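Here the protein sequences come in this chain order: F and W. Residue numbering for the first sequence follows the working numbering, starting at 1067 and increasing by one per position. Residue numbering for the second sequence follows the working numbering, starting at 252 and increasing by one per position.
It is worth saying that the hints were derived from the structure and are not from the lab. Predicted, not measured: the structure shown is a model, and the values here were computed from it. There's no promise every hint is true.
[As the list claims (entries may be wrong)] What follows is a list of derived Cβ distance ranges for each label pair: (1) W:254 / F:1436: 28 to 34 Å; (2) W:254 / F:1558: 51 to 57 Å; (3) W:288 / F:1388: 40 to 46 Å; (4) F:1434 / W:298: 39 to 45 Å.
[To be verified] Covered stretches of chain F (chain W as the covering partner; in silico rule of three or more C-beta atoms under 8 Å from a C-beta of chain W): (5) 1145 to 1151; (6) 1417 to 1425; (7) 1475 to 1487.
[What the hints assert, rightly or not] Among chain F residues calculated to face chain W with C-beta under 7 Å, some are: (8) 1401; (9) 1404; (10) 1447; (11) 1503; (12) 1576.
All C-beta atoms, glycine included, are put in the ideal place defined by N, C-alpha and C.
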Amino acid sequence: MTAWGIGKPAVAEATDRARTPRKPVRMRLRLISAVTLAVLGGAVVASSLVVHNVIQDQERVLLQERAGEAASVLAGAFAGVQDSLELLGTLALTDQGHPSLFASAARLVITTKNEGVLVTARHGTGMAVTAAAGNAPAVGQAIPADQEQMARRALSTTGMVSAVLPDGSRRWLAFAVGNAAGPGTVVWERAAFSAATSAQLAGPWGDLNLALYLSSRPEPAALLAATTSKLPLAGGTAYRFTVGAETWLLVASTPTPLVGTLAQNTPWLVLGIGVLLAVLVTTVVEAQSRRRDYAAALVEERTTSLRRAVTDLEQAQAQLVRQEKLAAMGQLASTVGHELRNPLAVIMNVLYLLETMAGAGASEAMRRHLATAKRETSAAALIVSDLLDYASGRAPMPAPVPLADLVAEVLSVVPPPTGVEVVQRVEPDTVINADRDQIRQVLLNLITNGYDAMPDGGVLDVSARSSGDSARITVTDTGMGMDEETKASIFTPFYTTKLRGIGLGLAVIKRVVDAHGGTISVQSTPSVGTSFTVTLCAAHTMASLPP
Amino acid sequence: MTGFAVLVVDDEPGMRDTLMAILEIHGYRVSSAPDGDTAVTAVREGAFDVVVMDVRMPGRDGVSVLEEMGDPPPNVILMTAYAQEERLRAAVNANAFAVVHKPFDMRRMLRLVADASRAFQNVSEVTQ
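So that you can see chain F by itself, here it is in the shape it has in the complex:
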C-alpha cells in the first residue's frame, strides 16, 4: 500500500502550483478595486457637485424671493408718496393765501419730526419756498443748488423723482413732484435719516445684507441705506422696482446661507459619505473578488489534486496488479528454482565423483566432456541462484569472509574460458563482514560478466583490498565496454545484452550490495573495457555493528 504514500507530496505540489499564479490574480484584483474606486469616486464627486449646484440654486432662489419681498414692501411703502404730494400740491394751489388747509393735510402726511413737506415755485432765477410744514425751511427761503437741480428734474418729468441730498452731517431723502401746485411749482417731501434709519431698513430681513440705491445702478452717491458698510455687496442679487417715475435698486446678499448650514454643507456631507461608501463598496468588491478567486483557485487546486489522486490510484492499482503478477511469477520461479537446486546439487556431486573416480586414467575427451558438463551445470546453478536471490531478496547473514579464499573458490567454479587471462590481486588480509553465499554470487556474476564481455579473449583483473572500515573489490575486463545508454540500464532487472541469460545478474548484485549497506559503481569505455567496483564493510568493524 506504499502507493498511497505518493498522494501526499502530490497534494503539496498541487498547493505550490496553485500559489504560483497568485501574482496576476492580485494584479487583476487591484485593477478591479482601482476601477471600482475610481468609478464610485467619480460618481460621488459628480453627485456632490450636483447637490452643490442645486443648493446654490436654492440659495439664489431664496435670496431672490427674500429680496423681492423686501423690494415690494419698500415699493409699497413709497407708493403712496406721489399721490400724497400731488394731493398736497392741489391743496396748496386751492389754498392760495390760506395755508391752513395745506398745513392740516401736511400734518397727516408727516409722521415723524424728521419729515417735512414744502412747495417751491420760481422766484427770479432761483426757486423759493411758497409753503412749508414740519421739518422744512421757512416760506420765502431760496432752496440750495442741489435741490434746485432736482426741482428742474421734477419739472421735466411726469411723476415723482427722488434723490439723496447731503446736508452737512445729515442726509435727506427727498421726493419731488413737478407742476403739482400749478405750473412751475414743485411739491416736496423730505426726511432726514441717519445710520439708525439704515438699521431699521433691515427690519424683518435681518438675515440679509441690503443696500438700497435710488438709482437703477449701484452708484455710491445714490445709496440711500445699507445694513453693512462693506459695499458694494458681492455675490448678491439685485432687485429693481419703481418708485414714482424712477427705478430704485435693492441689492441683497446673505452673510449666512438662507438654506441653512446643514443644506450648505450637504455637498461636503455627500462627498464625505460618498467617499466612505465608495471605499466600503470597493472593500466589499475586493473581498468578494478575493473570495471568488480564492474559491476558484481552491476548486482548481482540489480538482488538480483529485485528478492526481485518481491518476495515482490508477497507477497504484496498475502497480498492484503488476506486483501481484510479478509476485505470482516470483512464487512460481521461486518454487521451480528451489526444486531445481537439489537435482543440480546432486548432478554437481555426480560430476565431481565421476571426475575423481576417473582420476588420471580419464581420456582427454572424457575430461573435456566432464568440464563442459560442470561448466553448464554451474551456469544453470548461477541462473537459479540469481532468480531465487532476486525473487526472495533474502536478508544477508553477515559473518567474516576472507576474500582471497572466496575469490579463489569462485574462480575454480567458473574457470576462465580459452583466451582469457585472470589476474588475481587480492590482498591476503582482506576480510569482509558479509553474507558469504551472497557475496559469492556477486563475484560469480561479476566474473562471468567479465568473461562474457571478452569473447575474443583479454585480461580479467580481480583485485580486493581493505582500507579503514571498508573493503573494495574491483573486477575489470578488457572487453567491449558499454555505451552510456547501456550503462544506465544495467542494474534494471531482466535487462540484458547477452544472447544467453535472463538479465538478473547485475540486478541481484545491486540488491545484495545495497542490502549489505555497500556501494557499487561502474566505469566503462566502449572497446576499452569495463570496471565494476564494490565497496563493503571490512570485517574488523563487525564489533561495532549492532547485533
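Could you slot chain W onto chain F? The hints should help.
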C-alpha cells in the same frame, strides 16, 4: 585417510548417496540417515565427528535435529536449497558449524568437513 566419522542426513537419496561416496573417497567413515528422527537416534548411539545435514526434511527439520544433538554435540554443517531465513538464523544460533546453500562447490564442502573434524578433535582434546 582421515578416519573421522561423518553422518550424512538428507531425505534425497541422490544427494545422500553421492555425498557419501565422495566423502568415502576422501577417507571418511560415512553413515547416512534419511530423516531427522533417525539422525537423532544415530547421533545418540554412535560417535560422529561431523554431521552434514539437509535443513528441509519431512518430519523434523535439520534445525530442530541440531537442537537435540547430544552433549557435546558433533559439528553440524547444514545444507539448504531454500531461503528460510528464520530457520537458518535459528541454525546459526544453535551453533551450526556452517550453513551451505545448495548447489555447493564440492571443494568447499570438503574443506568445511575437514575443518569441522579438526575442530571437533580439538574440543575433544580440551574436554579430556
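Taking the hints in turn, this is what the structure says about them:
1. W:254 / F:1436: 28 to 34 Å: 29 Å, holds
2. W:254 / F:1558: 51 to 57 Å: Between residue 254 of chain W and residue 1558 of chain F, where Cβ atoms are some 53 Å apart, the hint holds.
3. W:288 / F:1388: 40 to 46 Å: Check passed, 45 Å falls within 40 to 46 Å.
4. F:1434 / W:298: 39 to 45 Å: 43 Å, holds
5. 1145 to 1151: violated (count 0)
6. 1417 to 1425: Coverage by chain W holds for the region 1417 to 1425 of chain F (4 residues, Cβ < 8 Å).
7. 1475 to 1487: Per the Cβ count (3), the hint holds.
8. 1401: 10 Å, violated
9. 1404: Holds, about 5 Å.
10. 1447: 5 Å, holds
11. 1503: Since chain W brings a Cβ to about 5 Å from residue 1503 of chain F, closer than 7 Å, the hint holds.
12. 1576: 18 Å, violated
Going through the hint list in order, the structure does not satisfy hints 5, 8, 12.
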